[in-house]
Amino acid sequence: MRIATWNVNSVTARLPRVLGWLATAAPDVVCLQELKCSDEAFPHDEVGELGYEAAVHGVGRWNGVAVLSKVGIRDVRRGLLDEPGYEAEGVLLPAPEQRAIGVTCGGVRVWSVYVPNGREPGHTHYTYKLGWLEALRATVVDELPAHGQLAVLGDFNVAPTDDDVWDISAFEQSTHVTPPERQALAELRSAGLTDVYPRALKHDVPFTYWDYRQLAFPKNRGMRIDLAYASATFAGAVTDAYVDREARKGKDPSDHAPVVVDLG
DNA sequence: ATGTCAGCGACACGCTGA
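Residues in the first sequence are numbered consecutively from 7, following the numbering used here.
Note that these hints are calculated values from the structure, not bench results. We treat Cβ as the ideally placed atom computed from N, Cα and C, and that holds for glycine. Treat the hints with care, since some could be wrong.
Stated by the list, open to error - Cβ pair distances, simulated, as ranges:
id : residue 1 : residue 2 : range
1  : Thr-239   : Pro-127   : 29 to 39 angstroms
2  : Gly-154   : Glu-193   : 38 to 48 angstroms
3  : Pro-224   : Ser-180   : 15 to 25 angstroms
4  : Gly-128   : Gly-91    : 14 to 24 angstroms
5  : Ser-180   : Val-77    : 30 to 40 angstroms
6  : Ala-32    : Gly-256   : 13 to 23 angstroms
7  : Arg-80    : Ser-44    : 19 to 29 angstroms
8  : Ile-174   : Arg-80    : 40 to 50 angstroms
9  : Lys-257   : Ala-206   : 32 to 42 angstroms
10 : His-209   : Ser-180   : 15 to 25 angstroms
11 : Ala-176   : Ala-206   : 14 to 24 angstroms
Generate coordinates for the entire structure from the input sequences, incorporating the hints supplied.
What follows is the structure in structure tokens.
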């Protein structure tokens, strides 16, 4: 079974690229992030023509996650256990955002997640990010006993080590690399998950994200922030994993490339 | 050679978030 994750930066703006990639890469299950569309506006018919059912958690404009599957969809769970909302300047948004969806596909439990960006260390959004990662950990702890093969895939907005960014000296005072963010990932792994490290098809580090600005992609100024965190049973079944950096090239790409994981 | 993009409100482009 082939399982992939891709932050598409608007499924509406990216639809031709997404459909083309689904047709060629032919994953059985795909986790998408940053849909920027509602469940009703999601292109269910278009992905359906390629054989996918879709479970969607989105509301429009920002965020939004989905799981597409050719091998069935069961037990859909929208949002995390006790998921925090974003509190800006003392004002708590009325409900959690659309950043996590859990689905069982062909016997594999899959979560598609879009971790909050954090904006800058010390910002209320940064505190929210750390709290959100803790709710993700609690959700994994809640689900792991009932599921052998389980994986959390998505845009984690954290680079696990200094080697996962193009130049650590460019990230002073930045989110994505701070010790508390990395500690939150370490606690997630301690709950029983393994970082499935993809092959680099070019260069020496399998980056998954390159900023649109300043020629970051041609200069390979990237980051590895799209991750697959897998249970022991899932990780033990992995036969291959790679970043499809071809999907970052050409006209109207997302700023993220898909991560593809093959299970034997 | 290239030096950001998407959605929104409102109908032109500035604002927000990434």
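Here's how the hints hold up against the structure:
1. Under the hint 29 to 39 angstroms, the C-beta atoms of Thr-239 and Pro-127, about 36 angstroms apart, fit the expected range.
2. For Gly-154 paired with Glu-193, a C-beta distance near 22 angstroms fails the hint of 38 to 48 angstroms.
3. Remark: the range hint 15 to 25 angstroms for Pro-224 to Ser-180 is upheld by a beta-carbon distance near 22 angstroms.
4. Here the CB-CB span from Gly-128 to Gly-91 is close to 19 angstroms, well matched to the stated 14 to 24 angstroms.
5. Hint check: Ser-180 to Val-77, Cβ distance near 39 angstroms, so the stated range 30 to 40 angstroms holds.
6. Remark: the range hint 13 to 23 angstroms for Ala-32 to Gly-256 is upheld by a beta-carbon distance near 19 angstroms.
7. For the hinted restraint 19 to 29 angstroms between Arg-80 and Ser-44, the CB-CB distance of approximately 23 angstroms keeps it satisfied.
8. For Ile-174 and Arg-80, the hinted distance range of 40 to 50 angstroms is satisfied, since their beta carbons lie about 42 angstroms from each other.
9. For the pair Lys-257 and Ala-206, the beta carbons lie near 24 angstroms from each other, so the given range of 32 to 42 angstroms is not met.
10. In this structure the supplied range 15 to 25 angstroms holds for His-209 paired with Ser-180, their Cβ-Cβ distance being about 21 angstroms.
11. Against the hinted window of 14 to 24 angstroms, the Cβ-Cβ separation of Ala-176 and Ala-206 comes to about 20 angstroms, which satisfies the hint.
In summary, the numbered hints that this structure violates are 2 and 9.
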